[in-house]
Each structure stands twice: as C-alpha cells, then as structure tokens.
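Chain A is fixed; fit chain B onto it per the hints.
Heads up: the protein sequence lines correspond to chains A and B, in order.
Position 638, counted from 1, in the first sequence is what the working numbering calls 643; the numbers after and before it change by one each time, with no gaps.
Position 220, counted from 1, in the second sequence is what the working numbering calls 1379; the numbers after and before it change by one each time, with no gaps.
Derived from the structure by calculation, the hints contain no laboratory data.
Hints may be right or wrong, so weigh each one.
Label-pair restraints from in silico Cβ distances [claimed, not checked]:
#	chain 1	residue 1	chain 2	residue 2	range
1	B	D1281	A	H383	34 to 44 Å
2	B	A1381	A	Y458	53 to 63 Å
3	A	H383	B	V1180	17 to 27 Å
Computed, partial: chain A to chain B, Cβ under 7 Å [to be verified]:
#	residue
4	W10
5	D18
6	I297
Note that the Cβ used here is the ideal one computed from N, Cα and C, for glycine as well.
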Amino acid sequence: MNWRWIFLMAWRDSRKNRSRLLLFISSIVFGIAALVAMKSFNENLKRDIDTQAALLIGADLDLRSTRKPDSSTLAFIDSIKNLSEQMAIEERFMSMIRFPKADGSRLVQVRALTGDFPFYGNLETLPNDAYKRFGQEPEVLVEKTLLIQYDAEVGDSVQLGTNNFTISGELIAQPGQTAMRGAMAPTVFVPLAHLENSGLQQTGSRIEYHYYFKFPSQFRTDDFVEKQKERFTQLQLRSATVSTTKENTGRSFSDMAHFMELVGFVALLLGCIGVSSAVHIYIREKLVSVAILRCLGTRSSQAFFIFLVQFAAIGLIGGILGATLGTLIQYAIPIVMQDIIPVALSNRISLNAITEGIGLGLVISILFALLPLISVRHISPLHSLRVSDEPQSLWTDNLRWWIYVLILTFIIVFTRLQLNGWAQTLFFIVGLGFTFALLYGVAKGFTYLIRRYFPKKWPYLWRQGLSNLYRPNNQTIVLLISIGLGTALIATLFFVQDMLLQRVKIASAENQANMVLFDIQPPQRDTIKNMTREAGLPIVEDVPIVTMQLAAINGKRANDYLSDSTSNISARSFRGEIRATYRDSLTLSEKIVEGHWTGRVSKGEMGQVSLEKSYAERIGVEIGDSLLFNVQGVEIPAIVSNFREVDWNRFQSNFRVVFAEGIIDNAPKFYLIMTHVDDETQSATFQQAIVNRFPNVSVIDINTAIDILESLLERIAFVIQFIGSFSILTGLVVLIASVRISKYQRLKENVLLRTLGASRRQVFTITASEYLMLGILASITGIVIALIASNLLGIFIFETTFVPSIGFILVLTALVSVLTVGIGVTNSLSVLNRSPLETLRKE
Amino acid sequence: MASTILQLNQVSKNYNLGNTVIPILKNISFTINTGDTGSIVGPSGSGKTTLLGLCAGLDQSSEGTIILNGIKLNGLTEDQLAQVRNEHVGFVFQNFQLLPTLTALENVMVPMELRGMRNRKDKAITLLDRVGLSTRADHYPSQLSGGEQQRVSLARAFANSPKILFADEPTGNLDAETSKIVEEMLFELNRESGTTLVVVTHDMELAAKTQRIIPIKGGTIA
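Bound-form chain A, shown alone (with noise of 0.2 Å):
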C-alpha cells in the first residue's frame, strides 16, 4: 500500500470540501468539549478533595456520635487521648439564635467547641485573631450572612438558648462548609463552656457529640481505626480519618461528574450519528470520482483509505478543538459550582482528559465514519462511464455487522469506566439504547403518518415542504433523533426539576403545615400550644418523641452479633440513635404491610413495635422477634407487631420506630409542633415570639427551605443544562451539516423550481415550510420521550404524579421550531438567494 499516495489524495480530495469537512468535525466538537471540561472539572476536584481533606475534617480522627457519652465511652475516648498529641470537643446542633437589637432569630447550627480545632487549616475571621482569642470569654464568632441580614456587627449582643453571648468576629470562611449549606442554617462557634445553663443541652436535644485527635505524625491512623472497629461498634461511635473523608467526600461528586462526562458522552454519540448520516450522502457524491479513480488504475483498499484518512483527521482536528473548547469550560465550571462543593476548586489543565478528548475523537470518528466507509471498497469502476444497472446497495456489506459490534463494544467499554459497576453499565446502555430506539420508532411512526395522511388539500408550497421530508436521501430520521434527543433532555431536566419543586411546594400550600416546632420540653407543650392558637394558627401535629438506642435483637447485643458472622443481623444494626413515638393509630400516610397493628398495651403486657418495613430489612428483623431497646439508661422490651409502609414524602413527622401507647409514655422525652403560617410576616411574629419565651425551642419554616433548596436545584440544573445543551447545539450542528452536505440535491430541485417559473419567495415558502415541519417534529418527538420519562421518574422514583407544565411545552416546541427554521434557512440562503445560472456554475 502507497500510503505517501493515500495521505497525498486524502489531502487533495478535502481540498475542495474544507467547509464541509469542518462541519463533520463541528459535530463532534460539543461532545468532546463536554466531555473534557467534566474530566477535567472532576479531576481537579479529585486533587482538591486529596490535598484539602485535612482541612475538611480539620484533625487526623473525629469520632462522633450521636448519643451522650457513657462513663465507658469517655474512658475509650480518655484512652485516645493518651495517644494524641491534642484533643477537642465539640457539640454540635440545630438551635434559634436571637438578634436583640433587630428582634429577629434563625435557625442556626451551633458548633460548641473546646480545645484547639481546627489542628489543620483555619478558620477565617474578621478580625484575624477573633479565632485565637475565642474560648475565653462566652464569645461567638458568626457567619457574615447573619450579621448582613440581621444589621448586626462585632461587638453586639446575640442570645443562644437563655444565654447571651458578644459576638467576637465574623466568620468568613471555614473548611468543609459550603457556602449552600451555610444558607440552609449559618454557623455558630462558640465556647462549649459557655453552653452551659443555656437550656440547649437538655435530654432529647439532638446533640452531635464529636472528640477530635490530632496523632504524632508517625501514627497510624487507618490502622488503629481498623483495629479499634469493634468498639466503636460497641460505644456506637462513627469515625471520620483523614483517607475516609477524601474517599467520602470525593465519591458523591465524583458520581455526580462521571454522570456529566456520560451526557456529554451522549451528545458525542449524537453528533457520531450525525457524521455517520453525512459521510453517508458525501460518499454518494463521491461515487463518481471512486470510480473514476478505479478506471484510472486504483485498488479499492486505496479508495477506502483515501476517505477514511480524511475522517480520522477530521476526528483528530475535532477531539483537539474539543479538547481546547472543553478546557476553557471548565475554568468556568467552579463559578457555578463552588457554593455547593465543600472545597476550594482549583482548575488545572488535566492532560489527561485532553488525551482522552482527542483519542475519542479519533477512535468514534473512525468507528462511525467506517459505517457508511465500507461501501466505497464496492463502487464499481462502471460508474465513470454511466450509473450500474446493478443496484448499488451502500449497506449490503458483512463487515457492517463487525462494525456494530465494535461500535457497541467500545461505548460499553466507555461506560463501564465511567461508572462504578457492571450493573449500571448495563442500565445505561439499555436506557441509551431504549431511548435511540424509542426516538427511531415515534420519527419513522411520524414520518410514516405523514405519507399515509398526506395533506392533499394543503397549498402546494406547503405540500412541497412537507414532502422533502420523506424524499430518497433525506436525513428527517437523523435530524429528528439529534435534535429530538437534545430538546428530550432539557425538557426532562425541566421537568424533574419543576417536579421536585412542586413537592415541596405543596408543603407550603393551604392547610398543609409548614412550620415545624421542635425540641419542645414537655413543661413548655401547653404553653406553645395555646400560644399556636392565640396567634390564630392551626396545630397540625403534636408528636411526642422519646429518643433511644436498639440495644439487643432476640436476647443478642450487638457484641453477640460481632462475632457471629453467620446471622443475617449485623453489629451495623445497633448505630445511631432511634427517634420513636407513640401512638395509637396509624397516620394518613401510613399503611399496615406485614402483621397487624397494636395501638395500646396494658401495664404488665409486652411492648407491641411497628417497624417501617425497608428499617426493617436493613436491621435484619422479622415479625415476632423481640427487640430491646435502651431508653435512656432503661431497658425495655418490644415485640415487632407488624411492618409498616411510610410515604417519607408527605410533610409530616414519619418514624420509622412506633411504639403502642403504655410502653414509653413516661419515657423522658420532647415533643414536635406543625402548625401552618400564612405568609412571611405572620411566619416572623410567630417565630419572634416563641423563640423570645422559648429559646431553646427550633423553629423551621419551610418556605424559606424551599427558597434555598429552588436556589440549589438551580445550581445544579444549570450545570446539568448546560452540558445537556451540548446535545441540542450538537443537533444544530448536524441540522446545519445536512442542510449543507445536502445542498447540491436542493440545489438542483430549486433551480428546477426556479426555471420552472418558482419565484424566489415561492422556493423560500418551501424551504422554511420544510424546516418548520421537521422542527416541530424533533420538539414534540423529544417531548414526547421527556413525557415519559417523567412519568416513569414521577412513578418510580419520585412517587409523585406528574403534572407538565403545557406552557413550558409549548415555549420549548416553539423555540426548537423557530431554531430549526432560521438555521435550515440561514443555511439555504446561498442557494436561495442568487440566480439558478450563476449559483450552478458557482457549484
């Protein structure tokens, strides 16, 4: 094989299609740059994650818990002590904090520290030094939105539970908090000493006890974590090291990345099938000069390869525009996404996700370049001298079947390196491949109902317009899939979107509650009650809530369990605390599954529990088996009476433990409020008010939740969005690539048209018709898939009905329509516009 000869030909022949040959490469662009600007966005996260998790956790060991230590727990944890170089304490939780001077409060989380944490990092304060100087005196450093929004400054007077407290300095930044969460509820440091008598540290307050080590630098942290795994069990501590909290970290926005680089991985694909489509009818075009070459002596591996080098260069050429594009994306990914991602995102170029940018160029390019490559090995040399009279298939050829394979094969090999196992692998080609057949089946189902229907009394433009749609060589089904697909995403992204917001929203509507009152104290509950009414509001719910640790399953602690590694229950069931209630019935969103419900035990019978059944599970119970859990230092004994179904959706209190009246009734405990407020106003006076009498007392309103988590979802659609609009410019981009490619067969028909008398207003009428059909097609077939992936979401992911928004549809349908439009006739403008003489010999 001559390949100096091949390359030479290869380069003459692209000569005189540069334009064209550019938008072959334009079509992969998108899906390459998307594709780059995630990996590297999550690559530089990944670093960031490895370099900053130090500083995330702020100490080499942080043990946590959820329970108030026992003497045994604070020996274990004396005995680490020992072993560290420093120590600190912290409790944390949710609370009210009071602004005299503006009368207002907020729903703040409250870090009350001892010792000196952070060991790694700092936090940063103004005045510089407010963090050096804290502890000494009942100081607190809080966050700059809370001074912003409450006028308040250094110096001024903040109450926390019954105490009041000066506030020392403002926090402006602290590692580990993103500026989202902070949002949701601001930070509050101040001196676990001080905490005292505030009333916050009461039985039921749900405190997070964290003890925090920093080891001599040779200690082995992970391994004496690893070795001391069996009594963190037994003392129900969590731990956090530096490694667990990268890996932690790291794994959820990991996911979220890999899951970008796949839907900028789609809109590759997309563009693929569009360079397919194109090479398709450019090879057409090239049939005679394939042919005259083989008169002319040429083997037909070489008039293969004469095309298939032009398209691996164009591959090359696109991954490296791609990979170029996709960088500069990715120095705009932190702007959009440092407020939700807990570390400082850096944005380095990855060398790596460039590498693999162009080879994926290279590699899909050639894949799917070949599809339609294969056939020139079989044009025959004839053609030079009239077209054959034998049919000339371009897809009769076995190796098309190889092909499919390989094509298949290299996107699951793809795929399975992005996500994490084989399982998923297989759900996302089978969704992929759902989704393409699906757009394949509703284009050629309406590609069919136009021929059938044809609307024989529509005026001839139109009629024209409407059939260059189904006309030999059209690329309707390509244009339809690419640009269906596109607008398929983005109204699924709205969709799921308006669908989660809506949820939550029903939360604020008429008569459901929307303002939640907890850690009340059973003294306070009347008083609360009758100031809930006083001020006119409904109580929704009052819920007693005892606070409590499983302590054994069957007669076996979960010490038992550690050593059995032949039982279905794990030590794992005996963590965390279990907030239970007690009642008599069951709630509207309840439903008995397995059992039978016991609302009230006389004194003297056993204890009846209903577990939530997917709790249930988890732990490894069975209807009938006896559970004994430890209420605050009492032991009491349960048999699980039946199996419970929660929709966790609605807004209300669900527990996933009920106890029957007569069991814990006089357990210590705390009790939840819900009561509906009617706007902001009434929702601050009511808020003032109990947090003035009741400062211990947490308040949540639920509007301002759903304020926060709009601007959250937001964030996130956006990024979302804006990858998947690669889809939808990549759709364009081959709508613009057929419309050219195809332009010397329109050419012919318009001058036809044109010298049969057509004015040029008339052919333009066909043109725009044309592309008005095929754009609203694409939108109302993408619709069509978002439809039902929203439902099918809304059924089974979301257990919500789904509701769209028809505004929304037909905004998008007309926006994809008009797109469509002003590119196919922006694009025809050559042809349109000059007379049929000149524009043929121009051709």
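Same frame as chain A, now just chain B:
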C-alpha cells in the same frame, strides 16, 4: 505480422433485474490488432458502452472470454483488473470525468503516481503542454471549459503510456469546433505514441476516421 491486443470470443453480458435476466450483449466476437484504430458504433441502447466496459476490464462478462494484451480478463479480481487498467489501459470519457478536487496537473499525474513512475510531474507538464494547457496546470476542472477539460482528459489518458486507449463518445459533450480540435488531438497523440485506439460513438463521421468499424445493434454485431 501484427499482434492481437484485444480479443473477444463469444462474449455475452446479462443484467439481473429482480428475477428477470436482461441480455445486453449476445455472442460478441472480434479482435483488434496492436496499433490499430477501431470504433464501436450503434444507436443508443445498443450496448456499445457496456461492450467498452467489458473490453477495458471495468466489468466482467457473463459468458465468453476477453483477452487484453495477452491477459485473460475473465476471473480476475477487482484489484487485479485495476492493475491491468493502470498498466495497459487509458480512458477518455464523454463527460471528461476529471477528479473535481484535483488540479489539471494532479489529474494528469494520478495514473503515473499509481504506478510509482519517476519524473511524473515533468511528464505531466509535457503532456499538458502537448494539449496546449500548460498555463492552466493549476486550475481545477470547474475553472476550465468543456473543451479544456477534455484536453486534460486526453493528457491523462496518455500519461501512463497505455497499450490501448478506450474513448467513450469523446466529443459527445462538445460543440462542433471544439470537437474537431479534440478529435485531431486524439488521433495525433495516438499516432505519436503508437497506442491502439477504440472509440465508442454514434458519430459516423468520427467512426470513419478509424481503420475499422464494429457496428452493434440490439446487443449483437450487426
């Protein structure tokens, strides 16, 4: 005694249209000697172009044998036929069939490049000069007139010094004046290089300029 360069023996060609077999050529036999000029004439649809395709190794006959310059074409693979065309055959087409993406010079060079010949550029320039187009060497086909394109096509046809040249209606797309120029050029070049020339035409005036006329009608020699 003159040697035979092309020999056809009972050659038939059928095309299948679905289940129907359509005979195009039936039992054609003739020989052409080296250095001769001949023409295949006949009305439209008589099978002349199909016959030219078979003789030049562009297609395989359904029956019979074709021997070109001592090589039996029957049973050769497509790539073997391509090699035969490159080494022994030159073509001139009715609609010129220049490669639109190549300049005039590059078009002429292609057959020589395929053979790996040396000094191909010089030879191509000489040939273009011979057809009076050395100043248009860097022009693309779309920048040339029909007559000029056919002259480039002539230069290309003689580029690899073919043993036999097949011309399919070489003046069919040209006006009378240009046709005359191209015809003269074709015969002159043929004489100079001693190539055998086979012309397919329905122009009896052109046919009359060749030494031998093979009339085809309804797929057989009339």
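Checked hints:
1. D1281/B x H383/A: 34 to 44 Å: 36 Å Cβ-Cβ, so the 34 to 44 Å window holds.
2. A1381/B x Y458/A: 53 to 63 Å: Between A1381/B and Y458/A, where Cβ atoms are some 54 Å apart, the hint holds.
3. H383/A x V1180/B: 17 to 27 Å: holds (22 Å)
4. W10: For W10/A, the interface hint holds, since the closest Cβ of chain B sits about 5 Å away, which is under 7 Å.
5. D18: Holds, because the Cβ-Cβ distance from D18/A to chain B comes to roughly 5 Å (cut-off 7 Å).
6. I297: holds (5 Å)
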